[in-house]
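These are the residues of each chain, in order.
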Amino acid sequence: MPDGPSALQLVLSGDPALFAIVRLSLYVSLSAVALAALIGIPLGAWIALTRFPGRQGIIVLLNALMGLPPVVVGLAVYLALSRSGPLGAFGLLFTASAMIVAQTVLVTPIIAALTRQTIEDLWLEYRDELTAMNLGPLGRIMALIWDARFSLVTALLAGFGRAAAEVGAIIIVGGNIEGFTRTMTTAIALETSKGDLPLAVGLGLVLISIVIAVNALAWSVRRAGERLAG
Amino acid sequence: MRAPSSELPIKFDGVTVAAGGVTILDDIALTLAPGLPTVLIGPNGSGKSTLLRLAMGLLAPSRGRITWGGLEHVPPLKRAIVFQRPAMLRRSAAANLRFALRAAGIPHAEHARRIAELLELVGLHALADRAARRLSGGEQQRLALARALARDPAVLFLDEPTASLDPIATKAVEDIIRAVSERNIKVVMATHDLGEARRLAGEIVMLHRGRIVETGAAASFFDAPQTPEAGAFLAGELLI
Ligand SMILES: Nc1ncnc2c1ncn2[C@@H]1O[C@H](COP(=O)(O)OP(=O)(O)O)[C@@H](O)[C@H]1O
Ligand SMILES: [Mg+2]
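Going line by line, the protein sequences match chains A and B. If you're matching positions, the first sequence starts at 1 in the working numbering and goes up one per residue. If you're matching positions, the second sequence starts at 1 in the working numbering and goes up one per residue.
Simulated from the structure, these hints should not be mistaken for laboratory data. Treat the hints with caution; some may be incorrect.
As the list claims (entries may be wrong) - Chain A is nowhere near these chain B residues, computed Cβ spacing over 12 Å in every case:
{"#": "1", "residue": "Asp26"}
{"#": "2", "residue": "Ala29"}
{"#": "3", "residue": "Leu32"}
{"#": "4", "residue": "Leu71"}
{"#": "5", "residue": "Ser92"}
{"#": "6", "residue": "Pro107"}
{"#": "7", "residue": "His111"}
{"#": "8", "residue": "Glu120"}
{"#": "9", "residue": "Asp129"}
{"#": "10", "residue": "Gly202"}
{"#": "11", "residue": "Gly236"}
To be verified - Straight-line C-alpha distance at most 20 Å; calculated SDA-like pairs for lysine to any residue:
{"#": "12", "chain 1": "B", "residue 1": "Lys171", "chain 2": "B", "residue 2": "Arg198"}
{"#": "13", "chain 1": "B", "residue 1": "Lys78", "chain 2": "B", "residue 2": "Leu58"}
{"#": "14", "chain 1": "B", "residue 1": "Lys11", "chain 2": "B", "residue 2": "Pro86"}
{"#": "15", "chain 1": "B", "residue 1": "Lys78", "chain 2": "B", "residue 2": "Asp193"}
{"#": "16", "chain 1": "B", "residue 1": "Lys171", "chain 2": "A", "residue 2": "Asp128"}
{"#": "17", "chain 1": "B", "residue 1": "Lys11", "chain 2": "B", "residue 2": "Pro75"}
{"#": "18", "chain 1": "B", "residue 1": "Lys11", "chain 2": "B", "residue 2": "Arg53"}
{"#": "19", "chain 1": "B", "residue 1": "Lys171", "chain 2": "B", "residue 2": "Asp193"}
{"#": "20", "chain 1": "B", "residue 1": "Lys78", "chain 2": "A", "residue 2": "Asn134"}
{"#": "21", "chain 1": "B", "residue 1": "Lys78", "chain 2": "B", "residue 2": "Asp27"}
{"#": "22", "chain 1": "B", "residue 1": "Lys78", "chain 2": "A", "residue 2": "Lys194"}
{"#": "23", "chain 1": "A", "residue 1": "Lys194", "chain 2": "A", "residue 2": "Leu217"}
{"#": "24", "chain 1": "B", "residue 1": "Lys171", "chain 2": "B", "residue 2": "Pro86"}
{"#": "25", "chain 1": "B", "residue 1": "Lys78", "chain 2": "A", "residue 2": "Phe180"}
{"#": "26", "chain 1": "B", "residue 1": "Lys78", "chain 2": "A", "residue 2": "Gly139"}
{"#": "27", "chain 1": "B", "residue 1": "Lys11", "chain 2": "B", "residue 2": "Arg65"}
{"#": "28", "chain 1": "B", "residue 1": "Lys78", "chain 2": "A", "residue 2": "Asp128"}
{"#": "29", "chain 1": "B", "residue 1": "Lys11", "chain 2": "B", "residue 2": "Pro43"}
{"#": "30", "chain 1": "B", "residue 1": "Lys171", "chain 2": "B", "residue 2": "Gly202"}
{"#": "31", "chain 1": "B", "residue 1": "Lys78", "chain 2": "A", "residue 2": "Gly136"}
{"#": "32", "chain 1": "B", "residue 1": "Lys11", "chain 2": "B", "residue 2": "Asp27"}
{"#": "33", "chain 1": "B", "residue 1": "Lys171", "chain 2": "B", "residue 2": "Gly195"}
{"#": "34", "chain 1": "B", "residue 1": "Lys11", "chain 2": "B", "residue 2": "Pro34"}
{"#": "35", "chain 1": "B", "residue 1": "Lys78", "chain 2": "A", "residue 2": "Leu130"}
Unchecked claim - Now the in silico label distances, taken between C-beta atoms and shown as ranges:
{"#": "36", "chain 1": "B", "residue 1": "Ala232", "chain 2": "A", "residue 2": "Gly54", "range": "50 to 56 Å"}
{"#": "37", "chain 1": "B", "residue 1": "Ala126", "chain 2": "A", "residue 2": "Leu228", "range": "32 to 38 Å"}
{"#": "38", "chain 1": "A", "residue 1": "Ala34", "chain 2": "B", "residue 2": "Ala18", "range": "23 to 29 Å"}
{"#": "39", "chain 1": "A", "residue 1": "Ala216", "chain 2": "B", "residue 2": "Glu72", "range": "55 to 61 Å"}
{"#": "40", "chain 1": "A", "residue 1": "Trp46", "chain 2": "B", "residue 2": "Pro75", "range": "21 to 27 Å"}
Here a beta-carbon is modelled for each residue, glycine too, at the ideal position from N, C-alpha and C.
Turn these sequences into a full structure, and let the hints guide you.
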């Protein structure tokens, strides 16, 4: 064991280096979930309410993309953002933005697929009523999204859980640069092998706490939904 | 009291509905005119719900045509329907009504007053803030009635509104239906409960296997049915 503070001491003393890493991780994953929600919720709702050729294929694909391997996403985003890639001109590789892009790609299918399922089930139940109320397409979508809000928040939390826990994508496009792109998962993956065990274990503790908190939140949202909306 | 609306009469002219190779309604000719409630009776599967969906404009005939006040394709601005199993929005009772008022384009300033009136009419004022899906079956049925009335309809279609209710809840719903009819809203109701038809109907339309077998004023229909099917149905025999 190297000398220096233990993992728990690092966490409890509010070690600035550790908390900078935690803050960056949350910034990256929350930004990715926000972007994925902006894309995934309208996309999922649109697929739920529209009939077009190839729709079944899109749904199967979307469900498959929920299990996209993070390293493959990392590789694809790396190629797109690298100097010779189609988005190379933006110079995003090895920045927090690159990590946000990669996690957005990872999380969007999860939110879109869960939204599609939720909205479609609700539409089957509401279709006659909303049609009898002579509601237009926009009014329908707004009503469905509003009434599905608790399930949709649960979908966002599922997306956040996935983003916060993954390492494969952001390690490739971020590079684990200290003070710049070092996140909880990349630090744990790389600092362990370099021997900084207290930092790795401390971050592991924080990460597990966050995952537990997210699941507790998802559970409370579901309970609140049942109580308020039935 | 309201002026007779352009929704009425609703005329069915040679209307047939077929789905999946099966004829659900066959050559229906029918006029729904202002006046006392018209009650559709007939055994399960005879086509009552399908006929209501046609009259509401939710379903297009396979053949024949339907006109509202002489016009085809009239959007359901002054029609409302309570389905056999109404879907409650995942909101409070009051919010279900507010949603219907907004969908009907009723000015926002009137919402609070109208919601209070409608809840009072159906006896749910104490449950305004309860989640609609947490209400009992009878309460949900009354909320669905209020929600349909929020549209300020000229015609109200009701699909077996008391089918799964106990006698007390049934009486509450029938009282509301009577009050609605007295306000000059045309009620068109499906039921397979003959007692209910006797209590509410001004006019009877009897369906059997997708065809109209008999129509007429309720009093004469119940006293002297003209067809063997109607006689058998009134005698409580099983019509298949
Ligand atoms: N969309 C549909 N496709 C095929 N058959 C249907 C459809 N809707 C109703 N039916 C059939 O049409 C018949 C009449 O149904 P319905 O109008 O619901 O009767 P009722 O309300 O009198 O019980 C039933 O046999 C039913 O199974
Ligand atoms: Mg029916």
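Evaluation of the provided hints:
Against chain A, the non-interface label of Asp26/B holds: every CB pair exceeds 12 Å, the least being about 24 Å. The beta carbon of Ala29/B is kept farther than 12 Å from every beta carbon of chain A, the shortest such distance being approximately 25 Å. With 12 Å as the threshold on Cβ separation, the claim that Leu32/B sits away from chain A holds: the shortest Cβ distance comes to roughly 17 Å. At roughly 16 Å from the closest C-beta of chain A, the C-beta of Leu71/B stays outside 12 Å, upholding its exclusion from the interface.
Not every CB of chain A lies more than 12 Å from the CB of Ser92/B, the least distance being 8 Å, so the non-interface label is violated. Pro107/B, annotated as away from the interface, keeps every beta carbon of chain A farther than 12 Å; the closest lies near 17 Å. Distance check on His111/B: its Cβ is at least 15 Å (rounded) from any Cβ of chain A, clearing the 12 Å threshold; non-interface status holds. With a minimum CB-CB distance of about 22 Å to chain A, Glu120/B clears the 12 Å threshold, and the non-interface call stands.
Residue-level check failed: Asp129/B sits 10 Å from the nearest beta carbon of chain A, not beyond 12 Å. Against chain A, the non-interface label of Gly202/B holds: every CB pair exceeds 12 Å, the least being about 24 Å. For Gly236/B, the requirement that its beta carbon stay farther than 12 Å from each beta carbon of chain A is met, with the minimum near 32 Å. Between the alpha carbons of Lys171/B and Arg198/B the distance comes to roughly 14 Å, so the proposed pair stays at or under 20 Å and holds.
Restraint check for Lys78/B and Leu58/B: the C-alpha separation of about 14 Å stays at or below 20 Å, so the hint holds. With a C-alpha separation of about 26 Å, the suggested pair Lys11/B and Pro86/B falls outside the 20 Å cut-off, and the hint is violated. For the proposed pair Lys78/B and Asp193/B, the alpha carbon gap of about 27 Å is over 20 Å, so the pair is violated. Distance check on the hinted pair: Lys171/B and Asp128/A sit about 26 Å apart at the alpha-carbon level, beyond 20 Å; violated.
Distance check on the hinted pair: Lys11/B and Pro75/B sit about 15 Å apart at the alpha-carbon level, within 20 Å; holds. Between Lys11/B and Arg53/B the CA atoms are separated by roughly 14 Å; this keeps the pair inside 20 Å, and the hint holds. Simply put, Lys171/B and Asp193/B have alpha-carbon atoms about 13 Å apart, close enough for the 20 Å limit, and the pair holds. A distance of roughly 10 Å separates the Cα atoms of Lys78/B and Asn134/A; the hinted pair therefore holds under the 20 Å criterion.
As the CA atoms of Lys78/B and Asp27/B are separated by approximately 26 Å, the hinted pair breaks the 20 Å bound. A hinted pair counts as satisfied when its Cα atoms are at most 20 Å apart, and Lys78/B with Lys194/A does not qualify at roughly 74 Å. The hinted pair formed by Lys194/A and Leu217/A fails the criterion: a straight-line CA distance of about 35 Å is larger than 20 Å. Between Lys171/B and Pro86/B the alpha-carbon distance is near 19 Å, which keeps this suggested pair within the 20 Å criterion.
Among the hinted pairs, Lys78/B with Phe180/A is inconsistent with the structure: their alpha-carbon atoms are about 63 Å apart, more than 20 Å. A distance of roughly 19 Å separates the Cα atoms of Lys78/B and Gly139/A; the hinted pair therefore holds under the 20 Å criterion. Between Lys11/B and Arg65/B the alpha-carbon distance is near 8 Å, which keeps this suggested pair within the 20 Å criterion. In summary, the hint linking Lys78/B to Asp128/A is supported, as the alpha carbons are separated by about 16 Å, within the 20 Å threshold.
Taking the CA atoms of Lys11/B and Pro43/B, the gap is near 23 Å; set against the 20 Å cutoff, the hint is violated. For the suggested pair Lys171/B and Gly202/B, the alpha carbons sit about 18 Å apart, so the restraint of at most 20 Å is met. A hinted pair counts as satisfied when its Cα atoms are at most 20 Å apart, and Lys78/B with Gly136/A qualifies at roughly 16 Å. Pair hint Lys11/B plus Asp27/B holds up; C-alpha atoms about 13 Å apart against a cutoff of 20 Å.
Distance restraint check for Lys171/B and Gly195/B: the Cα-Cα separation of roughly 12 Å lies within the 20 Å cut-off, and the hinted pair is therefore satisfied. A threshold of 20 Å between alpha carbons decides the hint, and for Lys11/B with Pro34/B the separation of about 12 Å falls inside it, so the pair holds. Among the hinted pairs, Lys78/B with Leu130/A is consistent with the structure: their alpha-carbon atoms are about 15 Å apart, no more than 20 Å. For the pair Ala232/B and Gly54/A, the beta carbons lie near 52 Å from each other, so the given range of 50 to 56 Å is met.
At roughly 18 Å, the beta carbons of Ala126/B and Leu228/A sit outside the given window of 32 to 38 Å. Distance hint check: the CB atoms of Ala34/A and Ala18/B are about 50 Å apart, inconsistent with the given range 23 to 29 Å. A hinted range of 55 to 61 Å holds for the C-beta pair Ala216/A and Glu72/B, which are about 57 Å apart. In this structure the hint that Trp46/A and Pro75/B lie 21 to 27 Å apart at CB holds, the actual value being about 24 Å.
Of the numbered hints listed earlier, those contradicted by the structure are 5, 9, 14, 15, 16, 21, 22, 23, 25, 29, 37, 38.
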